[in-house]
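Order-wise, the sequence lines are chains C and E.
Numbering of the first sequence is given in my numbering, commencing with residue 135 and proceeding in unit increments.
Numbering of the second sequence is given in my numbering, commencing with residue 86 and proceeding in unit increments.
There could be a bad hint or two in this list.
Unchecked claim - Quick list of the computed label-pair ranges, beta carbon to beta carbon:
id	chain 1	residue 1	chain 2	residue 2	range
1	C	G166	E	G225	29 to 35 Å
2	E	E298	C	V155	21 to 27 Å
3	E	G211	C	A308	41 to 47 Å
Unchecked claim - A short list of chain C residues far from chain E (calculated; beta carbon distances all over 12 Å):
id	residue
4	G248
5	Q313
6	P365
What the hints assert, rightly or not - Facing chain C, from chain E, some residues (calculated, C-beta under 8 Å):
id	residue
7	R102
8	F105
9	A109
10	A124
11	R240
12	P243
13	L246
14	V253
15	E344
16	L347
17	V348
18	T351
19	L352
20	A378
21	G382
Hints were generated in silico from the structure; no laboratory data involved.
No experiment lies behind these values; they were computed from the predicted model shown.
All C-beta atoms in this analysis are idealised placements derived from N, C-alpha and C, irrespective of residue type, glycine included.
These are the residues of each chain, in order.
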Amino acid sequence: MKPAWQAMPPAAPERSRRVSVSRRAGLGVLLGLALFSLLGPWLLDVDPTRQVLADSLRAPDGSHLLGTDVLGRDVLARLMHAARLSFGLALLAAITAAVPGVLLGIAASWRGAGVERALVMLSDVVLSVPGLLLVLLFAALVPGRGEALYVGLSLSLWVEYFRVARAASRAVLASDAVQASRLLGFGPGHVLRWHLLPALAPVTGTLLAFSAAQAVLALAALGFVGVGLQPPTPELGLMMTEYLPHYEEAPWLIGAPVALLMLLVLGMLLLAGDAEGA
Amino acid sequence: MKPTTLSHSPWLRLLLRRLFQLVALALLVGTVCFFMARALPGDMATRIAAGRYGYDLVSNAAADAVRAELGLDRPVGLALLHWWGDIARFHLGVSLVTGAAVWAEIAHALGRTLLLSAVALAIGAGLGLPLGIWSGLHAGGWVDRVVLVMAVALRALPSFLLAVLLMVGVAVRLGALPVAGGDAAGSVLLPALTLGLGLAAGLARVTRGALHEVARSPSYEFARTKGLSDRQALVHHGLRQAAVPVVTYLGLQAVFLIEGALVVETLFAWPGIGHELVHAVFGRDVPMIQGAALCMGLLFVLFNLGVDAICLALDPRRRAGGAR
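Based on the sequences and whatever the hints tell you, model everything.
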């Protein structure tokens, strides 16, 4: 998984307006997807696993906005539930990775010496295994369970936060402002609350969007090759596997989850600034 | 650190870090696989027996025979120590399903994965570097714009989707290349193209950024001012400076290659490590899972070691220490 923060261009003054427009667009896309997945299942009260075999492979119409799949299940309902599951799981994993990751990163650069070395070694342990492989191993530990995927995702994602927080907080801790605070007798709590967290918040926010999107992609990839969640759970990767055989007679089926995933990645790319290295 | 006593220290530190990672990798993967073997629902011996003889022919006697043969009834702590000891002595065991040595199966698959990665890297570098260099030197030109659009589109496409698009487009519609498998001539091209295109997109953008930066730098300006031609300035001053971020990026993409191998190999039924791993997961063949995971981790760490070494060789500032 790529470190998102490296992809962010420094906001040069003459580009900053364009960048901020594209970032806002990216944020808008991601928020829209989040709303779709959170509110969708609540607004459209259709069971995503209910089969009506007489309605197999219906084209999109008034009653089924995205048509039905081969078992007569409503594709829109499935898509919404799949999105809620993927995004929810991914966001949860990203947040549970972010909190310890950031705190450990701050601890490492604050305490330095032995603590830092130990924590860096710990992060090296996780970095020795590619993220998706770690998730796959955990998925294999307890097959077909979302919890295992969640643990694997969190375990592989926290390192990124750790590295970013460690690098960023080192500069903050060495700054004049923190020195002045300390000389004035403020404790570590004050430094953390008023110096470190505000400095780390923007980069952590971007990283959060990135790692959540990566987690969604990882879930979809695992579902697609068949080692992630298992049918009949509506899941983006699984839906693609199920709909792929019908791409000829019902292209809207495979189009739905694919469009959702591509929107997600596009939003992520926009949020990171229009393109890396620009 | 005193630079005199530790003149080799950047190289040594590099090696030690990656060596530590290898040990950690073995312990991590080994432990997870051990508990995987223990925690699987259902009776493992019965499952393995079913895998060997077929579900209709399994009896309790057959399951008991498998249990005794594989030592599945040892206490947990002892078994874990045994497990670690086996890994330390490179005893990866035999596949629970086929009964063949894991080592032999992995060695076969490793060759295929290396071939796939090499072709993918060649495609990525062959497409990405020239395009990136050209658009970096002619920033804002039409090549630059086209490459930007292509790169964003390719990056917005997860590799498994690109794989399916290529399968449907190139193999099924045009019939130009085999859809899947590893035996027919040219079957490496589609999976390699899937990985290579994604790689090329990122590489082109990073190379473009790096060269653009270099071309605007005072040192490059000076090289031009002192009378070097465009080509001389590029070859002698531009490429090496620009190479550092590009190689670093390649290191980050090691993850992409390995993860891609996992998904893309499975999709194209390319008989490499990722394919073995996923199928071992289907069959709950824990020794194979362990062997394949270890091998993938090993590849990953070695690739990173190579990238670090190249960066160190290219950039004297890193050798001087402190810059990190």
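Hints, one by one, checked against the model:
1. C:G166 <-> E:G225: 29 to 35 Å: Since the Cβ atoms of G166 of chain C and G225 of chain E sit about 32 Å apart, the hinted range of 29 to 35 Å holds.
2. E:E298 <-> C:V155: 21 to 27 Å: With Cβ atoms ~23 Å apart, the hint holds.
3. E:G211 <-> C:A308: 41 to 47 Å: holds, 44 Å
4. G248: holds, 16 Å
5. Q313: holds, 22 Å
6. P365: holds, 14 Å
7. R102: holds, 7 Å
8. F105: holds, 6 Å
9. A109: Cβ of A109 of chain E sits 4 Å from chain C, so the hint holds.
10. A124: Cβ of A124 of chain E sits 6 Å from chain C, so the hint holds.
11. R240: holds, 6 Å
12. P243: holds, 5 Å
13. L246: holds, 6 Å
14. V253: holds, 7 Å
15. E344: holds, 4 Å
16. L347: Interface hint status for L347 of chain E: holds (6 Å vs cutoff 8 Å).
17. V348: holds, 5 Å
18. T351: At about 4 Å, which falls below the 8 Å cut-off, the nearest Cβ of chain C leaves the hint on T351 of chain E intact, so it holds.
19. L352: Holds, because the Cβ-Cβ distance from L352 of chain E to chain C comes to roughly 7 Å (cut-off 8 Å).
20. A378: It holds, given that the least Cβ distance between A378 of chain E and chain C is near 6 Å, below 8 Å.
21. G382: Given a least distance of 5 Å, the restraint on G382 of chain E holds.
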